[in-house]
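For reference, the chains in residue letters:
6 protein chains.
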Amino acid sequence: MKKLVSLGELLMRLSCEDALRFSQVNNFKVAYGGSEANVLITAANFGLETEFLSVLPENDLGKSALNDLRNSNVGLNHIKFQGERLGLYFLEPGAINRPGKIIYDRQNSAFSKIDPEWFDWEEIFKDCNWFHWSGITPAISEKAAQVCLHAVETAKSKGIKVSGDLNYRGNLWQYEGANPKEIMSQLVDKTDVLLAGSYACSQFFDIKNIQNNSELSKALIQKFPALQRIAITNREEINASHHKWSADLFTESTLLSSTEYNIYPIVDRVGTGDSFMGALIYGLQHFKDQKALDFATAASCLKHSIVGDFNRVSKEEVFELIEGDGSGRIKR
Amino acid sequence: MKKLVSLGELLMRLSCEDALRFSQVNNFKVAYGGSEANVLITAANFGLETEFLSVLPENDLGKSALNDLRNSNVGLNHIKFQGERLGLYFLEPGAINRPGKIIYDRQNSAFSKIDPEWFDWEEIFKDCNWFHWSGITPAISEKAAQVCLHAVETAKSKGIKVSGDLNYRGNLWQYEGANPKEIMSQLVDKTDVLLAGSYACSQFFDIKNIQNNSELSKALIQKFPALQRIAITNREEINASHHKWSADLFTESTLLSSTEYNIYPIVDRVGTGDSFMGALIYGLQHFKDQKALDFATAASCLKHSIVGDFNRVSKEEVFELIEGDGSGRIKR
Amino acid sequence: MKKLVSLGELLMRLSCEDALRFSQVNNFKVAYGGSEANVLITAANFGLETEFLSVLPENDLGKSALNDLRNSNVGLNHIKFQGERLGLYFLEPGAINRPGKIIYDRQNSAFSKIDPEWFDWEEIFKDCNWFHWSGITPAISEKAAQVCLHAVETAKSKGIKVSGDLNYRGNLWQYEGANPKEIMSQLVDKTDVLLAGSYACSQFFDIKNIQNNSELSKALIQKFPALQRIAITNREEINASHHKWSADLFTESTLLSSTEYNIYPIVDRVGTGDSFMGALIYGLQHFKDQKALDFATAASCLKHSIVGDFNRVSKEEVFELIEGDGSGRIKR
Amino acid sequence: MKKLVSLGELLMRLSCEDALRFSQVNNFKVAYGGSEANVLITAANFGLETEFLSVLPENDLGKSALNDLRNSNVGLNHIKFQGERLGLYFLEPGAINRPGKIIYDRQNSAFSKIDPEWFDWEEIFKDCNWFHWSGITPAISEKAAQVCLHAVETAKSKGIKVSGDLNYRGNLWQYEGANPKEIMSQLVDKTDVLLAGSYACSQFFDIKNIQNNSELSKALIQKFPALQRIAITNREEINASHHKWSADLFTESTLLSSTEYNIYPIVDRVGTGDSFMGALIYGLQHFKDQKALDFATAASCLKHSIVGDFNRVSKEEVFELIEGDGSGRIKR
Amino acid sequence: MKKLVSLGELLMRLSCEDALRFSQVNNFKVAYGGSEANVLITAANFGLETEFLSVLPENDLGKSALNDLRNSNVGLNHIKFQGERLGLYFLEPGAINRPGKIIYDRQNSAFSKIDPEWFDWEEIFKDCNWFHWSGITPAISEKAAQVCLHAVETAKSKGIKVSGDLNYRGNLWQYEGANPKEIMSQLVDKTDVLLAGSYACSQFFDIKNIQNNSELSKALIQKFPALQRIAITNREEINASHHKWSADLFTESTLLSSTEYNIYPIVDRVGTGDSFMGALIYGLQHFKDQKALDFATAASCLKHSIVGDFNRVSKEEVFELIEGDGSGRIKR
Amino acid sequence: MKKLVSLGELLMRLSCEDALRFSQVNNFKVAYGGSEANVLITAANFGLETEFLSVLPENDLGKSALNDLRNSNVGLNHIKFQGERLGLYFLEPGAINRPGKIIYDRQNSAFSKIDPEWFDWEEIFKDCNWFHWSGITPAISEKAAQVCLHAVETAKSKGIKVSGDLNYRGNLWQYEGANPKEIMSQLVDKTDVLLAGSYACSQFFDIKNIQNNSELSKALIQKFPALQRIAITNREEINASHHKWSADLFTESTLLSSTEYNIYPIVDRVGTGDSFMGALIYGLQHFKDQKALDFATAASCLKHSIVGDFNRVSKEEVFELIEGDGSGRIKR
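Here the protein sequences come in this chain order: A, B, C, D, E and F.
Count along the first sequence from 1, then add 87; that gives the number in my numbering.
Count along the second sequence from 1, then add 87; that gives the number in my numbering.
Count along the third sequence from 1, then add 87; that gives the number in my numbering.
Count along the fourth sequence from 1, then add 87; that gives the number in my numbering.
Count along the fifth sequence from 1, then add 87; that gives the number in my numbering.
Count along the sixth sequence from 1, then add 87; that gives the number in my numbering.
It is possible that part of the hints are untrue.
Identical copies go unnamed one by one, so any copy, or any two together, can satisfy a pair.
Said to hold, decoys possible - Below 30 Å or equal to it, Euclidean Cα-Cα: the simulated DSBU-like pairs (lysine-lysine) are: (1) Lys248 - Lys305; (2) Lys418 - Lys167; (3) Lys418 - Lys295; (4) Lys277 - Lys295; (5) Lys378 - Lys150; (6) Lys418 - Lys248; (7) Lys245 - Lys213; (8) Lys248 - Lys277; (9) Lys418 - Lys230.
In short, the hints are calculated from the structure, not lab data.
Just chain A, same shape as in the assembly (with noise of 0.2 Å):
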């Protein structure tokens, strides 16, 4: 079986624990995650072959962050281990009102000075059927976006699909001569599926005073003519707990929607976007469009139950969900 190939920072998750505030905390939760290993171990617990690039620091902690990518089956052959430190993010997850916080602590980390000569690029794509990127990577430093650039290239010049998540933070593309607006449109003028959202159009394209997903989609066509399919997710936060949650699919002219959930008390919402994104491309293999959107949401509205970055739901408890089982009943 040919595979999904991805490039990204793997960090540290440092959290408070039972809605404590970090000048609260006595002790930290560790758990590890990022957006492209979360968009490869969601494809990787449907079933898909999967393949993770990345730099990790040779210390304990470096070792310590992949035993939960190990345990889901993602392949791991092309891990360099080199460098000083591990990224790190901490966490202070929200309540009712009060907003979630993340502190970020990933500059200089191993990955950061990533090199393009350390990966054999015809060994990785040789058995490669998708590759995905996220707007997080080549955010991170010039050698990530280098890189992130000769992966996608690569990959589009061997027919390979792509796939790209905008991922828009405005707190990274902190390096010296980061030009996010030209390497973004480098990337996504590759890319076959798009997972966009308006505020990260505007910030990266110019695209602005868009109405509706549908618009949003055509204004993103027009100018990349290579896209074959826009999906945008559409969360209502209620508040920290209880989101509502939907998303769409364009796809040939058509914006196809998905059902919209109702998610409360939520147990976990960081990685659910990248949860999408991974059940999206597993879906986008394996079904038809409606199909595939409403295998992407369900599965995103899952990993909202779900403690950690990585989504844990099998393919069957995602078509129960789909199939109109939001019970939540007991399975004995």
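Dock chains B, C, D, E and F against chain A, hints included.
Just chains B, C, D, E and F now, kept in the frame of chain A:
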């Protein structure tokens, strides 16, 4: 005071913490439960004298299992310590749209090898005015079915009131020669007060195409004319954390209905049906039918806020809820 | 900058974990609180200079009690270490329709033996521009009532602004000779800004058959003509985990009203009224009345998301909520 | 079977976790204990019938306090629920050269207001063959001293065996009119079996300048000629985690000595003396003197490995240790 | 690189926390272990290629059981998911003079129903250079004994090196027709390297009245002339927290001896023998006999500091200990 | 009272729980520490006035870092909030023969960018009578080295007593242009009281082939004639849980020696050297040399029983240990 007696298995419950899935846990929370023990502890909390008949293994786990029952003043004078293993169940509580999961590990338990000879039935029924059984016991093993039937017949022959809970569990009834329809018919035939549900009735008694609880009750009484009261709980599962809960009581050709409670966010729903049954038995001994129904519905509504299989609410707390105070205001 | 000064008892709070009942716990979570300390910490978090007057026992528990106050920059220059026991309260938080319970164990505490001679009132009031009292202090002991009245009278005589919170607690006022109506009237008589409630007013001042907050305010002003502002919070308790919360402020014959917040699932409601009071004192010093009311209501809405008696939200977080962002969206 | 009866206070114990100091904890571990209850639970674990006489407050804490006693089959038919507060003690266990610390908070407890009228002494002593007291009870309050003396005198007058533990606590005996020397002399005067120590004897009875346990025993018998046996434990504290432990029993002018145990790393030393006493009472009823001493010393050696005030070891476990297996080898 | 293959059951281990007894716990810590898996994980940590043959139930618990093995790069290509229950064991660790206790609950496990037909033995042994068995497997069930013997005979016939660990467990060997002496003799007869002990030899082979390890080795070789090396560990149990630990290796008529380690305070002793065996297999493939023995002894000494059944120490850490640094000095 | 001032970095410490290894943890315990802060908190606990000079990032982690210092009354009037990241270290405590491990992650911390311009040195030294530095600060960055040297020179020029701790850390001193020998010589040249060790002296000053602490002291004084006192701690590491600990103080050509303490089982050894230094500074201000040495050795002995980097023992507790009570007997 005469006693409520019941017969059943007590299981160790090993449950995941903090919304984690089975694949994520490093600790299991330990509790104990079982349908009949849950009924007794509820009734004992309200002040009934009770006696629990069971078999437990002769080891530290068997002895530990009795602690919560002992603390609630459930009578334990006829517990038999014999055999090797304690039945277990593993619980992964659900969250939002993700269903809870239970993995049973109770085969070959000490209880499954129960023998009617081990109990002094004369002594047991001497001070008994009510015997309760549940459909779980005859589903465990042929011997358990025999003992259950023996107890019900003996109780009936002595003029003791008999209640039962159909408690259909598709994954039990695995023993050779198991004939659920026959044994359950024999049991219900000698029962005065039955807790029933439409799915269980279709499985056990081929009562199908039923429109409402009134029809279901009439169909049951037609089949089992000795039945005096039929209780049916109504659970609407909005998601795993939010249920609506009410109940009906059919008595003398009338269907009485309770208030409907809106229950969220659920703390622990396991054992809520048993807590309804225990409170109904108490109620029917102390109140008129409508009040008994209201008492049982309110008591089981409160059980959703209690960790563990056992209900730990007082009569006074139930009355406050019946009398309309569902505000959860702090008592200082 | 002039200081907000208050006088009160600091209690150790021992609370049950994870929705457990008193009969189930093996651990108590330890925190500290008390109405007046809660007010000060809220005000200090927003930037007021504060000073806390209290008595604590001369042991490790008494010393530990001050840590959170010290961390929030509450002034502790007049704390008296004398006496033997720290007042305690045990908290069983409610869930769904099950009310929370508080068991007080504060009799004969170090604070209850407070003596006006122990404090240098000239020094205390030298840099003070606002004194706050609550109805809990005079309810503790005759000496506490004397000190509270002495402080209020001294403050008033020096032209210092005085605020009070009626805080009716039926289970206090146990000391011999306690006369709640008389002492509370003396205190309110010297108060400029009062946090009141209809039940407290009926108990303390025989103000009954009141239709609404406007009527209540007018009745209070008729009785205590020195009152300049009366604040009243409105809590609708849908269940123990879901409240609606708003407040009114009566000033110059007008009743101003805040937004109503829909608060679920509640993390910790203890101390929310105090956090309203602290924020109102801050607000009245910095904003016009309507904005002060909005600030206090939003700050206390956020307190429902904070573990412990003390509010730990910043001014910026309150402003964001006032300005309409109750989405709880993650800040990255 | 005749019962061992004792009278005493049951306290809630709130202890620091994981070697933390009072100033560091965010949780207290909850347990219950008290010298006389500790003695009874030890004896009950070995199979004696027991009855505990005590007063507890009428609240959820008072009720919870009995759980461990109930689980160990200690008789609780004469517990009086009356009064307001449960006595408490806070424990900071020691480590290495840092001593443990106990802060008592037991004044004005429900027990301290005990009244001899509350108990039906005839009924209590009907099936009693041994009464045990400890020097803590008369140290609590005048009423407690009266009840203790009344119980001892009544027991003695009925020919019931009486044991006592001097248990000197300098920080008790605070009540007005307390006269430790007089009341302790009255108690020991009616006692058959005494657990004594040289410091307690110097404080209570002015027995000073004693060279060894034999001399101490003889001095005691001279003063209290009714004494039949005197037990003295020897604890050499190498550091807070490492003790040597042995005991002597003086009987009929001979001093018997036990093995010395080398105990490290200590899990919990609170209650070890009580567990010696409870095991000695059991031992003296079942074995000859030397074996009774050996049994009590081994049982209390094992208590150092048990968390909480109560000993939870079986007779079989004690015998294995006496018979020389201190290897701690796993039993599979 | 050729692989080390082993066959055995993987159990869930549920252990008490913090020195608590079974009757005290509210949580069990979850880990996984089993003699043969423990051997493989040790060897894999040092760098051997390994393959684990086992049967696990088709449920979430069966899948979770593999996580630690997967993380340590143990090969899992031949795991069979079939059957219903995961074998369990409950562990109450000992402390001071109180022995640890293990309660097994492994009857009727998925593994016990293993069938030789389920495995592709040709494929398994294709890349295998060492097969390891333990005396636990043939003790589980008749089928397990058959598969074990089949594997050993097949390995031997292919010229693959065979090691075994007698691992006598009196409470196993319960199945009908169990003949420990016969089956163990058949297994040892085809074994090159044996981990033996005097008690196991007396039970299995009637080798009695042995004075020392040299005699024991010679007696074994006389009975089983194919044996090339015999390893014997020496554990002196001072108490449950303090052991002395060394080992001997008999080879070509010489008894080599290791250093003796003084081990306290023990963190977790379960699996230390298996960690010796795994390290010995590694050692014999890479070092001369004395160094292999030293390596195995040091590795298993370090295992006493690791929580769980599995050894998690690196080769470098073992070398440091062999080279004399037992200081435990912090590596910065 | 004049103050003890020190300059250094405050790190977040993330440590493994319960003897787990990095690869096993799901939680990190959070604490804060740093050599100079550890010294100040020790001295402040004993009653010195202190002031800490440091740089922390402007975020919630930076603010939280100060809590323990604030609680211990360390002066924080010159803390600079500037920059982005808080330095971290990850701690895996050792056990038995397994060494502890520390992974530093402190590069590019807010502190490393410290600038002498950020501090008002006149103000800082106005009320200062002792300045303390450690060899860690100049090892962090060129700027940190500059600031440290500037502070020492300024202090010396004002006649303020200067102490230093060589604190050799091989993995620091990584910045471009780092010249440990030169900068350390400049610092020691202006130092009155030095905590030294033979390895550090060989690395920094080429003082080699030293036989004993007396020789080492003399060699240092020859090189740095301004030195008045040299302290050297002696740690014998029997294993990671058992150390012997003593210290020497060289003063006026005499070597004074302390008692040797036998310390097991160690709770936390990180920061024990700093707690020696802090206690020595206190001691030299209050006692004669021998008593100062005894005080410092006993204080740091007790630190081995305290969780976290900071010493939390009182002067009274140190005196009790000095006066010979190392029994760890419970204080009631």
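Against the structure, the hints:
Within a single copy, Lys248 and Lys305 get their C-alpha atoms as close as 21 Å, which meets the 30 Å cut-off; across copies the closest is 63 Å, which misses it. When the C-alpha separation of Lys418 and Lys167 is checked against a cutoff of 30 Å, the pair qualifies only between copies, where the shortest distance is 24 Å, while the shortest distance within a copy is 42 Å. Only between protomers do Lys418 and Lys295 lie at most 30 Å apart by alpha-carbon distance; the minimum there is 23 Å, versus 47 Å within a single protomer. Taking CA atoms no more than 30 Å apart as the test, Lys277 paired with Lys295 passes inside one copy only; the shortest distance there is 22 Å, against 59 Å between copies.
With identical chains, the CA atoms of Lys378 and Lys150 are at most 30 Å apart between copies only, with a shortest distance of 29 Å across copies and 38 Å within one. For the identical chains of this complex, Lys418 and Lys248 are neighbours neither inside a copy (38 Å) nor across copies (33 Å), given an alpha-carbon limit of 30 Å. Proximity of Lys245 to Lys213 under the C-alpha cut-off of 30 Å is restricted to the intra-copy arrangement: shortest distance 9 Å within a copy versus 37 Å between copies. In this assembly of identical chains, the alpha carbons of Lys248 and Lys277 lie at most 30 Å apart only when taken from the same copy (9 Å versus 55 Å across copies).
For the identical chains of this complex, Lys418 and Lys230 are inter-copy neighbours only, at 27 Å across copies versus 49 Å inside a copy, given an alpha-carbon limit of 30 Å.
The earlier numbered hint that this structure contradicts is number 6, and it is the only one.
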